[in-house]
Amino acid sequence: MNKINSLQLAVTFIITRLSAEMLLIPGELIKYGPNRFYAILFAKVIVLLLYLPAVFITLRFKGDNFITATMRRSPLLAGFLGLLFTMGITCIIADTVINLQLYITDTLLHSLLLITGVIMIIFAGFYGAYKGVSAVSRTSVFALCFFILLIVLIIITMMPDMDMVYLYPSFIEDGEYFIQSMTAEVSCNSELLMFAVLCANVRQKPNKTLYYLLAVFVLLEVINLIYNLVLGPFLDALEYPLYVISSLSDIVIFQRLDGIDAIVWLFASIIKISMLLVCVKQIYSTVTKKSGSTMFLAVFSLFCFGLCMIIGNDRIIYNSFQKFMNTALPIVFSGAVIPLIALIAGKKRKEKKDE
Amino acid sequence: MSDEFLNPEQAVNITSDIEQNCTIIRALMKNSTDLLMKYAVVDKKRLVIVTIEGMVNKTILADLIYRPLTFCDISCDSGKELLSKLENELLAAEEQHQIYTFSELSRSIMAGFAVVLCEGADFALSIGAQGFAHRMISEPSTHINLRASREGFIEVIRVNIAMVRRRMKSPTLVTNLMPIASRSNTDVCVCYLDDKADKRTVGLILDRLKAIPLNTVMSGAYLQSFLEEDNSSLFSQVFVTERPDVFASKLYEGRIGIIVDGTPFALVIPGLFAESFQTMDDYTHKPFFSLFMRTLRYTAFILSALLPGLYVALCNFNPEIIRSSLLLNIYSSTQTTAFPIFGECIVMYILYEIMREAGLRLPRTVGHAVSIVGGLVIGEITVSAGLMSAPVVLIIAATGLCSFAVPDLYDSCMFLRLVFILAGGIFGLFGITVAGVILLFRLCSKSAYGVPYMSPFAPIKPKGIIRDTLVRMGWRFLSKSDITATELKGNGKEDNK
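For the record, the sequence lines run as chains A and B. Once you know that position 295 of the first sequence is 295 in the numbering used here, the rest is easy, because the numbers rise by one and skip nothing. Just add 1000 to the spot in the second sequence (first one is 1) and you have the numbering used here.
Be aware that one or more of the hints could be misleading.
[Stated by the list, open to error] Using C-beta positions, here's what the derived DEER-type ranges look like:
#: 1; chain 1: B; residue 1: M1178; chain 2: A; residue 2: L302; range: 48 to 56 Å
#: 2; chain 1: B; residue 1: P1407; chain 2: A; residue 2: P233; range: 51 to 59 Å
#: 3; chain 1: A; residue 1: Q204; chain 2: B; residue 2: A1011; range: 36 to 44 Å
#: 4; chain 1: B; residue 1: M1473; chain 2: A; residue 2: M162; range: 32 to 40 Å
#: 5; chain 1: B; residue 1: M1110; chain 2: A; residue 2: Q204; range: 49 to 57 Å
#: 6; chain 1: A; residue 1: P233; chain 2: B; residue 2: Y1331; range: 48 to 56 Å
#: 7; chain 1: A; residue 1: T294; chain 2: B; residue 2: S1324; range: 43 to 51 Å
#: 8; chain 1: A; residue 1: Q204; chain 2: B; residue 2: G1203; range: 24 to 32 Å
#: 9; chain 1: A; residue 1: T294; chain 2: B; residue 2: G1386; range: 35 to 43 Å
Derived from the structure by calculation, the hints contain no laboratory data. Here a beta-carbon is modelled for each residue, glycine too, at the ideal position from N, C-alpha and C.
Given these sequences and hints, build the entire structure.
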């Protein structure tokens, strides 16, 4: 099995999380003020709790993932859980690809056809997954470097436009909205699913990867702060706030940074898609006990392409799908409930052995 | 006939009949005109000295063999005894050994040895008298620097090994010389520091070299594809150098070096991406200068691969990113040209590469003419004739200049540039990003003998990056610890697929 270290996986998770930040539709979910600060904070606490089953699995089964642990108990159960988990991942891949395609059409390339965009994004993701978990995690280091460069440039260039008045305390004024924001924030954490599978690929202590949560928390809050300080009350009306802020930045060579912003997000999202495909490949390999799974990966990528075309072609289906994804159900179910079942199943087997 | 004599596995032994031996040698060499056979008589026994014209030094031959044989006064009972006495008492060459088969004899005379056969002896004496004409040690034509050594490898393997030994006077420096390729019998020398190099990698490289199925090897580049783990890649995992000082310093980092006879370019394994941006000057100047120069080289590499593609993408799809004043200039210049920017870039790029290739292969005097034609006609006239816009000429010229800042990656850059122009021209920044991500996936999945190709950037090793990759720390810091190629490995399982 390919092995990576916990730092590499943490960097990949940070990139995955940052890519999700682009795919939020802030206009629907986020109001200005510090509400989002608390939404992010609470969401991180919830995500940390959701990680617990996967963490316990790595502790109990010496670094194995949930699917390997269940395979020892029953291949049938493992196959069933693997299928449910793959469904969760498929939803996230479809969500990411469609939103990314929309984002590209809205920002970089207005003439891009849905089919061309989806094919290119899925192909790049497939290629990364084909190259393996090491290749994807190593590539994420470069994505993080680009992202940090972008944020630093934005902060430097937007400093004169930041206004502290926008930070007035509006604290939780609308409970329903706050919960919506928080679940949407939780729904973005597809790293939870990746961790459940990829913990088996981490050398030494996989749980050290979770330090990434702190890094992500700080990064997101910094981005959130920039949103609020620069855009203030206009944040409500914008679809991609960081893109707008980037477009206002002027760094001498370029009049605006929005192109670079779009490149970074695209880069990060392809890494996320690749990593999700790696997870599916690994589940398939474990359940079928086959080492070569390139053909399966290609077929699964084609399936994702078809799904994206169906969802992306119809606005009504897309909206319903988006609402479903914002409930965080796929994340919670696949990332926490399935590992919890695996944890119990693994435990039962151990008890029988003891008897 | 010759094959059975040359094949070491079907070794045909030298006989005690000197005439028969001479007949076999002539037949073996197809009566080649450069085969010299000098007969002599010592103590009433016939001797023959076999050499190849031009491969031996005539002075050495006269001093070491002809003169002692002419004035010797020894008496022996048999040819065997005579040859033994010649070997032990009379002839005092640095290299001399007994040979028993015609394949050994053939290899010896081809390598510049003089072989002495004696009537009644079923073996021969091989005496080192090499003295073929060769280029003198001179400044390397590539990797030129300001303050480091001016010596470059030459075509003679023994001289090259000596140059490395002079720089690494350590008993742990191992040089393993062996012939490869069944027809050309080219000598290759595998060099490594026994206490630094990974033994498994050394064994693997030796096995691969022995298994190379080529009949002839004329250059180290012939071996490269057999030593690389990913032949289809644009980027080579074998580092090539013409400098003995660079070669020696790589050995100190635990790499394995291969010197090939007949070429001044030595190979170093494993070769990493970051090494293409390092020069000897980085170590002879102050660290801040090295940091600046390396940053420039990385920037030059990125610009060289991406600049034309980005230009096409920005002009065609995202002009709002470019400053208004610059954009106006670009558009005003394109108004008078015949082609769209995408077409202009492709045509200009191809013209540039043709000019470079022509300038490279032509004799120097004509090469200058090509430069003038390129500079004046392509640059000036095409713009004034309205065929190309000035910004495109500038972009391609700047790109060409940047690519020379990192000469090791020129080939890769040349191809990448075309890919990015196409990606940028068809899909804009979206295409460039997708192509870039795929390229990074590919680069990050590569490893050379267990060492990730993009190390220490990815997987990230902060100590490696700040020590001697992007930043070159001062010698006081560097002297505290070493990083060898083995330490850059993961756990051996950290590989793609």
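Status of the hints after comparison with the structure:
In this structure, B/M1178 and A/L302 meet the distance hint of 48 to 56 Å, their C-beta atoms being roughly 50 Å apart. The beta-carbon spacing between B/P1407 and A/P233, approximately 55 Å, falls within the hinted interval of 51 to 59 Å. Range check, A/Q204 to B/A1011: about 55 Å between beta-carbon atoms, so the 36 to 44 Å window is missed. For B/M1473 and A/M162, the hinted distance range of 32 to 40 Å is satisfied, since their beta carbons lie about 37 Å from each other.
Here the CB-CB span from B/M1110 to A/Q204 is close to 56 Å, well matched to the stated 49 to 57 Å. Here the CB-CB span from A/P233 to B/Y1331 is close to 37 Å, at odds with the stated 48 to 56 Å. A C-beta distance of roughly 49 Å is found between A/T294 and B/S1324, which places it inside the suggested range of 43 to 51 Å. At roughly 29 Å, the beta-carbon separation of A/Q204 and B/G1203 lies within the given 24 to 32 Å, and the hint holds.
A/T294 and B/G1386 have their C-beta atoms about 51 Å apart, which leaves the hinted 35 to 43 Å range violated.
Checked against the numbered hints given earlier, the structure breaks hints 3, 6 and 9 and satisfies all the rest.
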